[in-house]
Amino acid sequence: MRDGRKTLGLHLGLLALLFALQFVLPAYHHGNLARIMVLAAYAVGYNILFGYTGLLSLGHALFFAAGMYGMGLLVNQTGAAPLAALMAGVIAGALVAAALGVLALRTEGVAFMIVTLMFAQAGYLTVLYFGAYTRGDEGFVIQQAQRVMAGIDLSDPSNRYFAGLLVFGLAMLINLWLVRTRFGRVLIAIRENEERARMLGYDVFVHKLGAVVLSGTISAMAGASYGLLFGYVGASFASVQYSIFPLLWVLLGGAGTVIGPFLGTLFMFYLIDLSSGLTTAYMLIAGVALVLLTLFAPQGLAGELRNRVWRWLP
Amino acid sequence: MEIGPYLMLASLEGAVTAAVLALTAVGLSLVFGVMRVVNVAHGEFFMLGAVLAWWVTGLIGGHPALGFAMALVLVPVLVAGIAVAADMTILKRIAYDPERTIVATIGILYIIQQVTLMTYGPEARPVTPPFNTRLALPWVEFADGAPRLYWPWGLSTTSYKLGVIAAAGGVLVGVWALMARTRIGLLMRATQLDRDMALAFGIPVERVYALVFGIGAGLAALAAVLIVPIQQAHYLMGGDPLLLSFIVVIIGGLGSLPGTVLAAVLIGLSDGIISVFFSPTLAKILATLLVALVLVFRPQGLFGARPR
Amino acid sequence: MTKSNKTPTRREAMKTLALGAGAASLPLWARYAGAQSSAPIRIGFQVHRTGIGAAYGRWYDRTTTAAAALINEGGGINGRPVEIIAEDDGTDPKRGAEVVEKFATQYNCDIGFGTLFSHVVIGSAPRAGELKLPYFVVSEGHHVASGMLNRYTLQPGITDVKSQVQAMAPFVANTLGKKVTMIFPDFAFGHDHRDYFTAAIEAQGGQVLEHIAIPPTETSFTKYFPKIPRDTEVIYHVMVGPAVLTFVKELGEFFGPQRPEMFGFIDSLEAVDISSPGLEFLEGTYFWEGNPRQAQADQSPYDAFYRERVGVDANGASVDDARDVSTYSHMFGCWETLHVVKAGMEAAGYAGPQDRASLIEAVEAMTDMPHSNAHPQGAKLFNGKTHQVFGHQYITKVTGGKLLLVHTTSIEDTLYPDEADYTTQAF
Numbered sequence: 049m050r051d052g053r054k055t056l057g058l059h060l061g062l063l064a065l066l067f068a069l070q071f072v073l074p075a076y077h078h079g080n081l082a083r084i085m086v087l088a089a090y091a092v093g094y095n096i097l098f099g100y101t102g103l104l105s106l107g108h109a110l111f112f113a114a115g116m117y118g119m120g121l122l123v124n125q126t127g128a129a130p131l132a133a134l135m136a137g138v139i140a141g142a143l144v145a146a147a148l149g150v151l152a153l154r155t156e157g158v159a160f161m162i163v164t165l166m167f168a169q170a171g172y173l174t175v176l177y178f179g180a181y182t183r184g185d186e187g188f189v190i191q192q193a194q195r196v197m198a199g200i201d202l203s204d205p206s207n208r209y210f211a212g213l214l215v216f217g218l219a220m221l222i223n224l225w226l227v228r229t230r231f232g233r234v235l236i237a238i239r240e241n242e243e244r245a246r247m248l249g250y251d252v253f254v255h256k257l258g259a260v261v262l263s264g265t266i267s268a269m270a271g272a273s274y275g276l277l278f279g280y281v282g283a284s285f286a287s288v289q290y291s292i293f294p295l296l297w298v299l300l301g302g303a304g305t306v307i308g309p310f311l312g313t314l315f316m317f318y319l320i321d322l323s324s325g326l327t328t329a330y331m332l333i334a335g336v337a338l339v340l341l342t343l344f345a346p347q348g349l350a351g352e353l354r355n356r357v358w359r360w361l362p
Numbered sequence: 007m008e009i010g011p012y013l014m015l016a017s018l019e020g021a022v023t024a025a026v027l028a029l030t031a032v033g034l035s036l037v038f039g040v041m042r043v044v045n046v047a048h049g050e051f052f053m054l055g056a057v058l059a060w061w062v063t064g065l066i067g068g069h070p071a072l073g074f075a076m077a078l079v080l081v082p083v084l085v086a087g088i089a090v091a092a093d094m095t096i097l098k099r100i101a102y103d104p105e106r107t108i109v110a111t112i113g114i115l116y117i118i119q120q121v122t123l124m125t126y127g128p129e130a131r132p133v134t135p136p137f138n139t140r141l142a143l144p145w146v147e148f149a150d151g152a153p154r155l156y157w158p159w160g161l162s163t164t165s166y167k168l169g170v171i172a173a174a175g176g177v178l179v180g181v182w183a184l185m186a187r188t189r190i191g192l193l194m195r196a197t198q199l200d201r202d203m204a205l206a207f208g209i210p211v212e213r214v215y216a217l218v219f220g221i222g223a224g225l226a227a228l229a230a231v232l233i234v235p236i237q238q239a240h241y242l243m244g245g246d247p248l249l250l251s252f253i254v255v256i257i258g259g260l261g262s263l264p265g266t267v268l269a270a271v272l273i274g275l276s277d278g279i280i281s282v283f284f285s286p287t288l289a290k291i292l293a294t295l296l297v298a299l300v301l302v303f304r305p306q307g308l309f310g311a312r313p314r
Numbered sequence: 305m306t307k308s309n310k311t312p313t314r315r316e317a318m319k320t321l322a323l324g325a326g327a328a329s330l331p332l333w334a335r336y337a338g339a340q341s342s343a344p345i346r347i348g349f350q351v352h353r354t355g356i357g358a359a360y361g362r363w364y365d366r367t368t369t370a371a372a373a374l375i376n377e378g379g380g381i382n383g384r385p386v387e388i389i390a391e392d393d394g395t396d397p398k399r400g401a402e403v404v405e406k407f408a409t410q411y412n413c414d415i416g417f418g419t420l421f422s423h424v425v426i427g428s429a430p431r432a433g434e435l436k437l438p439y440f441v442v443s444e445g446h447h448v449a450s451g452m453l454n455r456y457t458l459q460p461g462i463t464d465v466k467s468q469v470q471a472m473a474p475f476v477a478n479t480l481g482k483k484v485t486m487i488f489p490d491f492a493f494g495h496d497h498r499d500y501f502t503a504a505i506e507a508q509g510g511q512v513l514e515h516i517a518i519p520p521t522e523t524s525f526t527k528y529f530p531k532i533p534r535d536t537e538v539i540y541h542v543m544v545g546p547a548v549l550t551f552v553k554e555l556g557e558f559f560g561p562q563r564p565e566m567f568g569f570i571d572s573l574e575a576v577d578i579s580s581p582g583l584e585f586l587e588g589t590y591f592w593e594g595n596p597r598q599a600q601a602d603q604s605p606y607d608a609f610y611r612e613r614v615g616v617d618a619n620g621a622s623v624d625d626a627r628d629v630s631t632y633s634h635m636f637g638c639w640e641t642l643h644v645v646k647a648g649m650e651a652a653g654y655a656g657p658q659d660r661a662s663l664i665e666a667v668e669a670m671t672d673m674p675h676s677n678a679h680p681q682g683a684k685l686f687n688g689k690t691h692q693v694f695g696h697q698y699i700t701k702v703t704g705g706k707l708l709l710v711h712t713t714s715i716e717d718t719l720y721p722d723e724a725d726y727t728t729q730a731f
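Protein chains in written order, with the working numbering: chain A, 49 to 362; chain B, 7 to 314; chain C, 305 to 731.
It should be emphasised that the hints constitute simulated quantities derived from the structure, not laboratory data. There could be a bad hint or two in this list.
[As the list claims (entries may be wrong)] Label-pair restraints from in silico Cβ distances:
1) Y156(B) <-> E612(C): 54 to 64 Å
2) L184(B) <-> F344(A): 30 to 40 Å
3) Q191(A) <-> Q511(C): 32 to 42 Å
4) A142(B) <-> A147(A): 42 to 52 Å
5) R246(A) <-> F303(B): 15 to 25 Å
[Said to hold, decoys possible] Only part of the chain B face toward chain A is listed, based on derived beta-carbon distances under 10 Å:
6) V44
7) I96
8) R106
9) I112
10) S285
11) L296
12) V297
The C-beta atom is built at its ideal place from N, Cα and C for all residues, glycine as well.
Pulled out of the complex, with its shape left as it was, chain A reads as follows:
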């Protein structure tokens, strides 16, 4: 159990560090970190399916967008309270994930990638098709007045930061808890050897479906929070790019680790941000960095940490 205590210490330590950082960070990085934490929650959600269950989805933007639009349309069209809208977004994501899971889990491997990709693409086009409500690609603004939750103005930098920390912390604790449960261990068993898990008597389909729903729900929570915290809902978040981002973040940070998604998101954000400040050819730098990482840190940042320093990292 010593490893267990170290694990808990490390992750709670990260949350404590993030909490403390808000008092010392300059305004710019303070804002960035709020954003990164919400996106990292999305990556954590993605990692549950990809890193722990071994299912590579190319359609997670569907869940992110389901949360974002579930929240945004309710606020924009009916003037609902933000907390109720946030809940609605999360539920929308869970439902979409369940529906997609039932269908897509009939497939495996690359076919699963394509099916999720196609459903997400259909979702993106649906957002455009109902332009009368969604304003299509242009999207819409969640006005500042509509972003006051229980008296807390989410457009205020400190409140936003704290909300981002809450969303990320929740996602990460769910993930930590998951890897300690029997359910989570079955998921890892499925990843390692699906046939064996089946022969041991586990209902593989139900477990995978559970993973899709949990992963989709966390992604939707991130999407809904993102819309609410930054005041904008738009179709670009439903596009295929936003399905590839979490895959990239997770692979960079280390698939199948709790801390990896955060590291990957942080790394990718600042890679783009810093190189964009230095040169207009920042995509070149990002591209070269990705190639170098695959060459020299194949397990991702956290994966390398686990291999070299902290063998107990979950």
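Please build the complex by placing chains B and C on the supplied structure of chain A, with the hints as guidance.
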């Protein structure tokens, strides 16, 4: 327009899409089948083909057909060379690990896009077709009980579009011949069936991989050279062909070249024909869902035998 | 370049420097180091360098650079030089919002400026409002005037799509025909065209027979054209993105020799050479242009001046490369907006971020903007309540491969009732 001529027009348009898609997808299918990796940069090789075609045709004066012929020969070789270099410097070193290959090829995608943006620029640029005549097409109607030909309004295609279909067909036959009738094709098929066995029999698997990666990229580039007189070269044009050929490869059944071609024809035609009956965006949604549902109920693809 | 022969006092030297004399090679901080009051005014320029907006972004960049150089030659703003701090937003709303944050909190910019694509504007504007960064967009979207954004977001240099579209209806109905089929991209920009033009043409006694909305990812178009009703008199087309040239070519191939009248928004061919292969059939068709790319016979001296400073030839292409066609109908907005910023800062006595609110109030107080070097596209009328400018629109006809002016709308044609009053919002 009446439904009959409209369907014919939509099918013709679908056939052009299908022809180009088939070439691109066969390239991806080769890589996928033999090397078992997903090449996310495949669309960028397509884009490079179009951009280099613009460059090559610009170098050569005289009749547009001259420059175009040069592009047809030169560009696929150039792009294949770039792909081989990428394979040997990067993919070989990560041992073709499936997940790392995805990240590495995303990196290559960024690099190719940015370099193209910095050298070629952000504009969409046209290439003059070597030949291009508008061909009005007839349709049959029954007047007074007897069939009669007439020329419906708008029912037309161009000689170049027909040329693209023919050229793609020719290249596909060539690829089939290469795979089925030559020694190098035999080596590729052997590697595809069992990599370790191939190694044991002394097949230079690494060289086969580099060659396959090059041929795959070259086919994508060739497809792009064919389409660029119809659609312009643009540095972001690689996204669509990547997604579509990805879909085609899976629907066709992994590693099955005839399946890939048939799937390309199906997808190209259905895209055209569904657009006859629904409003455009709805048609796209339905076509997309159709692809997803085909896979849901037939995960091995339409023509794949071996589940994976 | 100005030359100064007498021995200058320090103050005069600063002034001469501010005129740009011989200092162009030095970085700005070196030129103005020292006096606090001469520190540059920092303008954060959100530019589409990558992504689908890149072709526009390049010309927005050139126009902005030219305008800033001109302003600096004329002594800058309030005696301070202007420094443009450009950063790519990838034509992406998420990155756009991040770039606005970077301007406000990292680069300490005085204002943000220059965004074109509507989704980037709408994604970024909430952050600009929260950070209290005056945000001058050059987008032609109706988002500003619709009241969706906030008090810190203004569009004083380019007209919005609603006013452009409705001003076209009288000309289309009276000159080209009353039965119209519209082809437009199936996203918000296209829907604005659909809604505002349909209403405007009906007000002229015309009608829209069919709306054909093209999905934005489409790359081949012929299959949609049979949906055009046979009795169409006028095709109204507008398309954006890299596939525009394909769209227009295929439209020509579809109709062959029997085409109806055609009226298009130049967005369909922005940054595209009108004499590209396959576009021959456009001869005799009409275009809306925000600013005619072809230097007209009665070209104003202001247009000639602007053209020369930006480096655009008489055909609307770069003076360095005739194949590099500009986005002439949009990029003037950067030039004019920077001049409005200058006028606003001078009226407000702008000295630093503490004066941001008075800068906005000063711009809100503006009304008439006369045709001048600062406003080379034409005279304008600014509406301080809706934060939107109104101006003349141009209709050109392709004649002998050139876009020649046939009609100029009045500013009154472009006006519509206010939909918002930003001045009631607190700062």
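**Message:** Check the structure against each numbered hint from earlier and tell me which ones fail, lowest number first.
**Reply:** none
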